[in-house]
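**Q** The primary structure of each chain is shown beneath.
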Amino acid sequence: NAGVMQNPRHLVRRRGQEARLRCSPMKGHSHVYWYRQLPEEGLKFMVYLQKENIIDESGMPKERFSAEFPKEGPSILRIQQVVRGDSAAYFCASSPPTEEQFFGPGTRLTVL
Amino acid sequence: AQSVTQLGSHVSVSEGALVLLRCNYSSSVPPYLFWYVQYPNQGLQLLLKYTSAATLVKGINGFEAEFKKSETSFHLTKPSAHMSDAAEYFCAVRSLSTGANSKLTFGKGITLSVRP
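Chains as they are written, first to last, in this note's numbering: chain Y, 1 to 112; chain D, 1 to 116.
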């Protein structure tokens, strides 16, 4: 059983471009979480999704950020018009109902 | 609201010495508590978790942690440090009351260095 997959592992964008981060949960997991890790800080919750539903987006910035988890395919975290402050490591975690979260290796976004 | 405090950002120990990484939490409802380890440029790996059963929890790689409700603490220990333990360690809390799949709240993390 493969673990949580994230791609790309490294992403470089120029200011104003769009960034798309993908997360494929572990097989059988229907819950996906996105966290952001800024330099020298811990992980901060962004959004919690189940298939086709956003359950909790209390950690998402109000503008430019969106997330989806379609019925088929990976979960996508989309950042429009990136700015330098978006540079961070973005981690996805997945879980089955009532169980712990398993983390992916992360996507490291660098905004030039 | 929940929060986690990990005092200090860096701990250095000699190989073979006791490892003690502190974690205090704040939660208005009974918590689940977790310790994760992160090696450079990798994701987080679960070391151990407290889920309201035994207060002394044993995890992987010889680590253990004790839940002390009176002190709101969940400190991580290992009797004898190995060089391979050098990594960043995160304590996290999750509330039971908001459902089994609620978000994790992390501390800022502690970097553990192990001296030969």
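Source of the hints: derived by calculation from the structure; they are not laboratory data. One or more hints might be untrue.
Unchecked claim - Heads up, simulated SDA-like pairs for lysine to any residue below, C-alpha to C-alpha not over 25 Å straight-line: (1) Y/K44 / D/F67; (2) Y/K27 / D/V13; (3) Y/K62 / D/G8; (4) D/K69 / Y/K27; (5) D/K108 / Y/P61; (6) D/K108 / Y/V111; (7) D/K58 / Y/R9; (8) D/K69 / Y/V111; (9) D/K108 / Y/E18; (10) D/K108 / Y/E40; (11) Y/K44 / D/P30; (12) Y/K44 / D/S26; (13) Y/K62 / D/Q42; (14) Y/K62 / D/L7; (15) Y/K62 / D/K108; (16) D/K49 / Y/E41; (17) Y/K27 / D/Y25; (18) Y/K44 / D/L7; (19) D/K49 / Y/A89; (20) D/K49 / Y/V83; (21) Y/K27 / D/Q2; (22) D/K108 / Y/K27; (23) Y/K44 / D/M83; (24) D/K68 / D/Q42; (25) Y/K44 / D/S28; (26) Y/K27 / D/V29; (27) Y/K27 / D/Q42.
**Q** Run every hint past the structure and note whether it holds.
**A** Each hint, compared with the structure:
The hinted pair formed by Y/K44 and D/F67 meets the criterion: a straight-line CA distance of about 23 Å does not exceed 25 Å. This hinted pair does not check out: Y/K27 and D/V13 have alpha carbons roughly 39 Å apart, beyond 25 Å. This hinted pair does not check out: Y/K62 and D/G8 have alpha carbons roughly 32 Å apart, beyond 25 Å. The hinted pair formed by D/K69 and Y/K27 fails the criterion: a straight-line CA distance of about 36 Å is larger than 25 Å.
Taken as a hint, the D/K108 and Y/P61 pair is honoured in the structure, with Cα atoms around 20 Å apart against an allowance of 25 Å. Between D/K108 and Y/V111 the alpha-carbon distance is near 23 Å, which keeps this suggested pair within the 25 Å criterion. Restraint check: the Cα-Cα separation between D/K58 and Y/R9 comes to about 32 Å, which exceeds 25 Å; the hinted pair is violated. A threshold of 25 Å between alpha carbons decides the hint, and for D/K69 with Y/V111 the separation of about 43 Å lies outside it, so the pair is violated.
For the proposed pair D/K108 and Y/E18, the alpha carbon gap of about 28 Å is over 25 Å, so the pair is violated. Pair hint D/K108 plus Y/E40 holds up; C-alpha atoms about 8 Å apart against a cutoff of 25 Å. About 21 Å separates the Cα atoms of Y/K44 and D/P30, which keeps this hinted pair within 25 Å; it holds. Taken as a hint, the Y/K44 and D/S26 pair is honoured in the structure, with Cα atoms around 16 Å apart against an allowance of 25 Å.
Between the alpha carbons of Y/K62 and D/Q42 the distance comes to roughly 28 Å, so the proposed pair goes past 25 Å and is violated. For the hint linking Y/K62 to D/L7, the alpha-carbon distance of about 31 Å lies beyond 25 Å, and the restraint is violated. Restraint check: the Cα-Cα separation between Y/K62 and D/K108 comes to about 23 Å, which is no more than 25 Å; the hinted pair holds. Pair hint D/K49 plus Y/E41 holds up; C-alpha atoms about 21 Å apart against a cutoff of 25 Å.
Using a Cα cut-off of 25 Å, the hinted pair Y/K27 and D/Y25 is violated, with the two alpha carbons roughly 32 Å apart. Annotation: proposed proximity of Y/K44 to D/L7 holds, straight-line Cα distance about 18 Å (limit 25 Å). In summary, the hint linking D/K49 to Y/A89 is supported, as the alpha carbons are separated by about 24 Å, within the 25 Å threshold. Note on D/K49 and Y/V83: the hinted pairing is violated, with a Cα-Cα distance of about 36 Å set against a maximum of 25 Å.
At roughly 30 Å between alpha-carbon atoms, Y/K27 and D/Q2 are farther apart than 25 Å, so this suggested pair is violated. With a C-alpha separation of about 30 Å, the suggested pair D/K108 and Y/K27 falls outside the 25 Å cut-off, and the hint is violated. For the suggested pair Y/K44 and D/M83, the alpha carbons sit about 29 Å apart, so the restraint of at most 25 Å is broken. For the hint pairing D/K68 with D/Q42, the CA-to-CA distance comes to about 30 Å; that exceeds 25 Å, so the pair is violated.
For a cut-off of 25 Å, the pair hint linking Y/K44 to D/S28 stands: about 20 Å separates their Cα positions. A distance of roughly 31 Å separates the Cα atoms of Y/K27 and D/V29; the hinted pair therefore is violated under the 25 Å criterion. Between Y/K27 and D/Q42, the direct Cα distance comes to roughly 21 Å. Compliance with the 25 Å bound is thereby established for this hinted pair.
Checked against the numbered hints given earlier, this structure breaks hints 2, 3, 4, 7, 8, 9, 13, 14, 17, 20, 21, 22, 23, 24, 26; the rest are met.
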